[in-house]
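Trainee: One line per chain: the protein sequences are A and S, in this order. Using my numbering, the letters of the first sequence correspond one by one to residues 1 to 322. Using my numbering, the letters of the second sequence correspond one by one to residues 1001 to 1322.
Among the hints, erroneous ones may be present.
Unchecked claim - Chain A stretches covered by chain S per the calculated footprint, using a threshold of three residues with CB under 8 Å from any CB of chain S: (1) 7 to 16; (2) 96 to 104; (3) 152 to 161; (4) 292 to 298.
Claimed, not checked - Label pairs and their computed distance ranges (CB to CB): (5) Ala1321(S) / Leu31(A): 42 to 52 Å; (6) Glu1296(S) / Lys155(A): 24 to 34 Å; (7) Gly280(A) / Val1087(S): 29 to 39 Å; (8) Pro1093(S) / Gly280(A): 53 to 63 Å.
By construction, these hints were calculated from the structure, which means they are not laboratory data. We put the beta carbon where it would ideally sit given N, CA and C, even for glycine.
There are 2 protein chains.
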Amino acid sequence: MENQKKIACIGIDLGGTNLRAALVSRSGKILEMRVAKSAGQGAESLAKDLANQCLDLMRRGEAQGLKTVAAGLGVAGKIDPSGGLVVFSPNLPLLNGYPLGRDLEKNLGIPVYMENDANVFGLGESLAGAARGLGNWVGIVLGTGTGGCLFFNGKLWEGDRLGFSGEIGHMMVEPGGPICPCGSNGCLEAFASARALVSGAKRALLSPGVNAGPLGSFSGSLSAEAIYECAKRGDPAALALFDKMGWALGIALSNLFSALGIRSAVIGGGVSGAWDQFIGPLEKTLARNCSMLKPEAAIVRRSFLGDSAALIGAARLGFKAR
Amino acid sequence: MENQKKIACIGIDLGGTNLRAALVSRSGKILEMRVAKSAGQGAESLAKDLANQCLDLMRRGEAQGLKTVAAGLGVAGKIDPSGGLVVFSPNLPLLNGYPLGRDLEKNLGIPVYMENDANVFGLGESLAGAARGLGNWVGIVLGTGTGGCLFFNGKLWEGDRLGFSGEIGHMMVEPGGPICPCGSNGCLEAFASARALVSGAKRALLSPGVNAGPLGSFSGSLSAEAIYECAKRGDPAALALFDKMGWALGIALSNLFSALGIRSAVIGGGVSGAWDQFIGPLEKTLARNCSMLKPEAAIVRRSFLGDSAALIGAARLGFKAR
Chain A
1 MENQKKIACI GIDLGGTNLR AALVSRSGKI LEMRVAKSAG QGAESLAKDL
51 ANQCLDLMRR GEAQGLKTVA AGLGVAGKID PSGGLVVFSP NLPLLNGYPL
101 GRDLEKNLGI PVYMENDANV FGLGESLAGA ARGLGNWVGI VLGTGTGGCL
151 FFNGKLWEGD RLGFSGEIGH MMVEPGGPIC PCGSNGCLEA FASARALVSG
201 AKRALLSPGV NAGPLGSFSG SLSAEAIYEC AKRGDPAALA LFDKMGWALG
251 IALSNLFSAL GIRSAVIGGG VSGAWDQFIG PLEKTLARNC SMLKPEAAIV
301 RRSFLGDSAA LIGAARLGFK AR
Chain S
1001 MENQKKIACI GIDLGGTNLR AALVSRSGKI LEMRVAKSAG QGAESLAKDL
1051 ANQCLDLMRR GEAQGLKTVA AGLGVAGKID PSGGLVVFSP NLPLLNGYPL
1101 GRDLEKNLGI PVYMENDANV FGLGESLAGA ARGLGNWVGI VLGTGTGGCL
1151 FFNGKLWEGD RLGFSGEIGH MMVEPGGPIC PCGSNGCLEA FASARALVSG
1201 AKRALLSPGV NAGPLGSFSG SLSAEAIYEC AKRGDPAALA LFDKMGWALG
1251 IALSNLFSAL GIRSAVIGGG VSGAWDQFIG PLEKTLARNC SMLKPEAAIV
1301 RRSFLGDSAA LIGAARLGFK AR
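Produce the entire structure from the sequences given, and follow the hints as far as they go.
Mentor: Right, dumping it as structure tokens:
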């Protein structure tokens, strides 16, 4: 019998800018990590790069007496896990229709499992992060867009397996609100994402008076980070954007808590770095709108794992499948 | 061993006006039914009435060779199933804090199970109604207020067992919308319930011009049924109320379908009788807002069982517990 203590899995987080891969233990410890650029190359070249990174990680594991038994891959967008296929990737369109999982499987000689990036975040946080010990909870990933996942009884919820689940970013929170890339409007994503912050700041800069604040005199390219810095310096337009983000998150969570009869959420992703700017309005909105729940009973946690959540969660796909 | 074919359970639907009890077979067939007034008496007198109805049903069953093994009780509001207690009943406040279930258990000599009325509706529809064969679905009960339930993998979802679950009526669909009895505003219930229709009609009647239509010249007491009749006669204010109801239901379902990755709903309750007036706007809103789902993939069904859903579902509580 294989010694369970001596096996590892590879977790891969394939983002629009970077490709990160790590060798991960069963308990969710990152043992080795590699980072490379994902942008600016074709699908086949990217797949080859990825395979080389993984083979290198497998060799490093072997040197430590670890056998790598599987790999897991988290990708933004719509994927077809059974076919090992990226169906549609908003951040890496070159991968659309490319059988990345199958390709990797052939090159590594181990099984490769694929999952949506927000689901992989949730798998990581529940194994080794802020969701440890939570049975039923909502996960929200504040990135370029707004990802989400649901865990019921400690397990990732997959709904009717329609190719989507946990699309919390596309819950409508304000009828007639800003347009969302999904085609609808007033979705959570139109308020609570890096893209929403940048669009909102651009809209605000067209209003008279805004140019006087830190946001108006900001000289670099407008990013979520820059808007956060402006908010910390007291810029009213930037503060209003984070206020609205917290409000929108509060409405979405209130609606989910009421409907599901649950009370826990974990929020991660790059924009969760602005926690101090949106958690106040979020909690206020939740307390005001979720009439079913005593405000003090709600559990809204910030991701513990940061960037590592996706790597640990992706590796967990490999362990889970065994 | 007890012959499974020769047992029955009692299902009780305790509403604000009527108390209905039925002898129900395992397959969900109503064998005998009793109706009495629930209003206008004290808790003890109501409990005694109810016990007598049930004892009568048990005797009738016995005469047909049926052994009644348990009873189930559906009540609007917050209940404590383990204590057999009505914690808070909005429609029958005289029952608040009354141990109705325990009382009944003592009088009948069989176990009595209690559940929220919307959950009992769902149990009925999934056994013998419009939800037969659906694994994951949303139930909505359009009554005085707006009840809801969720079924995952064919089972009633109970969330974190916080004393509420499936409170779809308290999902906010329009920030700044009409006040809801829950204390929040813009909830689904503030648009999609008999109470919302009546309040909406009263508000509309204060506007100039509305008095000219059928609604303005309606002489009886304003009820959901009366408003429905006015809508069928083309009254613009009444039509607008059902349009808004359909819109609000479409937003709530769209949000739940996106978040849960599911596509099925069953709508019942008295106000679902106005189906022809709100299903169009509901489907239009769902198609426009639920960007994840192809419009033709959505399954939105009207309750098959009507008033019987609650009786059959309540009886099912008894069978389930065995």
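Trainee: Could one say that the CB atoms of alanine 1321(S) and leucine 31(A) fall in the range 42 to 52 Å?
Mentor: Taking Cβ atoms as reference, alanine 1321(S) and leucine 31(A) lie about 49 Å apart, which means the hint holds.
Trainee: With 53 to 63 Å as the target window, see if proline 1093(S) and glycine 280(A) comply at their CB atoms.
Mentor: Given about 37 Å between the Cβ atoms, the range is violated.
Trainee: Please check whether the segment 7 to 16 of chain A has three or more residues whose CB lies within less than 8 Å of a CB on chain S.
Mentor: violated (count 0)
Trainee: Closer than 8 Å, Cβ to Cβ, for at least three residues: run that test on the segment 96 to 104 of chain A against chain S and report holds or violated.
Mentor: violated (count 0)
Trainee: Can the suggested window of 29 to 39 Å be confirmed for the beta-carbon pair glycine 280(A) and valine 1087(S)?
Mentor: With Cβ atoms ~32 Å apart, the hint holds.
Trainee: Okay, the segment 152 to 161 of chain A and chain S, do three or more residues pass the C-beta test at under 8 Å?
Mentor: That given contact holds, which follows from 6 residues of the segment 152 to 161 of chain A lying within Cβ reach (below 8 Å) of chain S.
Trainee: Take a look at whether the Cβ-Cβ distance between glutamate 1296(S) and lysine 155(A) falls inside 24 to 34 Å.
Mentor: Given about 30 Å between the Cβ atoms, the range holds.
Trainee: Please check whether the segment 292 to 298 of chain A has three or more residues whose CB lies within less than 8 Å of a CB on chain S.
Mentor: holds (count 3)
Checked against the numbered hints above, the structure violates hints 1, 2 and 8; every other hint is satisfied.
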